[in-house]
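Undergrad: The lines below spell out each chain.
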Amino acid sequence: MSFLEVFQYTRQESVIHNLDPRAKLVISICLAGISLMFTDIIPMVLMICFLIPLIAAAKSLKRWATSMRGLLPLLLFIIVFNTLLSTTEYPFSHSIGLSLRLVALMTSFSLFFLTVHPDELSQALIQMGIRFEFAFAMSMAMRYVPTLGQEAYAIMDAQRARGVELDKGNMLKRIRNIVPIIVPLIIVSIRRALSIAESMESRGFGASEKRTYMETLSFRKRDWGVVFISLLGLVILIHFRFFFSLPEWVSWGLPF
Amino acid sequence: MIIIDDVHFAYDGIYPALRGVSLQIDSGERVAIVGANGAGKTTLVKHMNGLLRPQQGRVFVNGRDASKLSVAELARTVGLVWQNPDHQLFLDTVEKEITFGLRNLGYGPEDTRARCERTMSILGLTDLANRSPFSLSGGERKRVALASVLATEPQVLALDEPTIGQDAKQKENLSNLLMELNANGCAVICVTHDIEFVIEHFPRTIAMSEGLIIADGQTNSVLTNDRVIEICSLSTPELTQASQALNQRFPEVSPRLTLVKELEDAIIKIFGGV
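Order-wise, the sequence lines are chains A and B.
Everything in the first sequence is counted per the numbering used here, starting at 1 for the first residue and increasing by one.
Everything in the second sequence is counted per the numbering used here, starting at 1 for the first residue and increasing by one.
Honestly, the hints are just simulated from the structure, not real lab data.
Ideal placement from N, C-alpha and C gives every residue a C-beta, glycine not left out.
Heads up, none of these hints are tricks.
With a cut-off of at most 27 angstroms between alpha-carbon atoms, the simulated DSSO-like pairs for lysine-lysine come out as follows:
(1) A:168 / B:96
(2) B:46 / B:96
(3) B:46 / B:171
(4) A:168 / B:68
(5) B:261 / B:169
(6) A:173 / B:46
(7) B:68 / A:173
(8) B:171 / B:96
(9) B:171 / B:261
(10) A:168 / B:46
(11) B:68 / B:46
(12) A:221 / A:59
(13) B:96 / A:173
Example chain A residues on the side facing chain B (calculated, C-beta under 7 angstroms, incomplete):
(14) 160
(15) 162
(16) 164
(17) 165
(18) 180
(19) 183
(20) 187
So here's chain A without its partners, still in its complex pose:
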């Protein structure tokens, strides 16, 4: 699952990390929106070429590369299945475009998830008018993904020590072998959730209606700048995509 690494926050100092999370949300959504407007190879390649410097600015190029390597099997799967099943004129070219689009989409969103700490995210949501409980639940969920991963490893160790051979046998056996992992994982997670809820309540969670916050986010000039440029870019591209006939080279594809 190494391709998910690109969605994991890393604590670093960078231009992108220092932006307001709301500005980053806007830029990510704009970039993803642009990626969704095209399916041809050339625009997708241009898009990725535009995204890579942004990832580099967030000092996360290495992590991105690891993730993309992990994504490779899925991309190949998409290419093979789309080529075989697609009804378009040039199925191979089309499926290459689709898989590049997936890369562009993941990269757009990773820009947000790589650089926004779960706490910042919940603070941003609260300041956007979402109720504290929901924002808290969301940041909690994000916070527990790595914990769940560690738990899964501990469970796998425990079952292997009892003679479960996780990586042996045919497909059916391997699927059956998931049961001894998944059942404890669910039980442990539910138990943990209950005890966290109890411990939070016993520390007064939800006791007072009005909460105060130690840190609040403030939108600075550069955040406005980022939002403005992102929206402008989005509008311009929408304009070109839907109200202009694009030059020939944009829709260039492989002849098969």
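Following the hints, put chain B in place on chain A, whose structure we already have.
TA: Coordinates of chain B only, in the frame set by chain A:
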């Protein structure tokens, strides 16, 4: 039985957990492993059944190079009981849970049944045989987890913090059981912070700190060593504290006593008895 030769291990290749550990455990030994949190105790035990493979150095189990054996093969010899029973329980009855490991290791149906019943009766689980493990109390779940490993009758049994969450009676039962297994030739390795438990039942203690073994020897000399106690963030055994206090007034009393009998003899001697 188990030989660990200059083993190095670092999680993700960068967080060192073992930094050159060597030890030998013979069949029929009872060994306690103590150390502060993060000293590498569990990492060390995981090397004994192949869950972790040394990045440098070698592990031998029964004279065979462990690197050539799978975890499942090693599990026949080395049984591991985990700190958190919830990490391994997943079936709907206690009985199935206990037979699960046996079936994995390829025991026949009759053999499986016999071993399961024997283990349940020893651990007092017979009445719970058809209950769901998830409906049991923490201590009971811990015993089910122990039973599921014990049923395979390994030659080496390694336990991670077995006494946590057990009441005095269960702890007594557990130690009786370990003694009995040991009398039948099973080597028992126990990772624990429960120093009184170690003193009572384990003649040999290995103390670890920051991925190194800092002391390995007789329990009564390791656990009465102030440096070891401090580095491993243990507390001096109560009886040793008492003997130290006596030693202040009566220099003839050794300040490193650990057993009730030893202290009793010392006090009788002070009073001039025999």
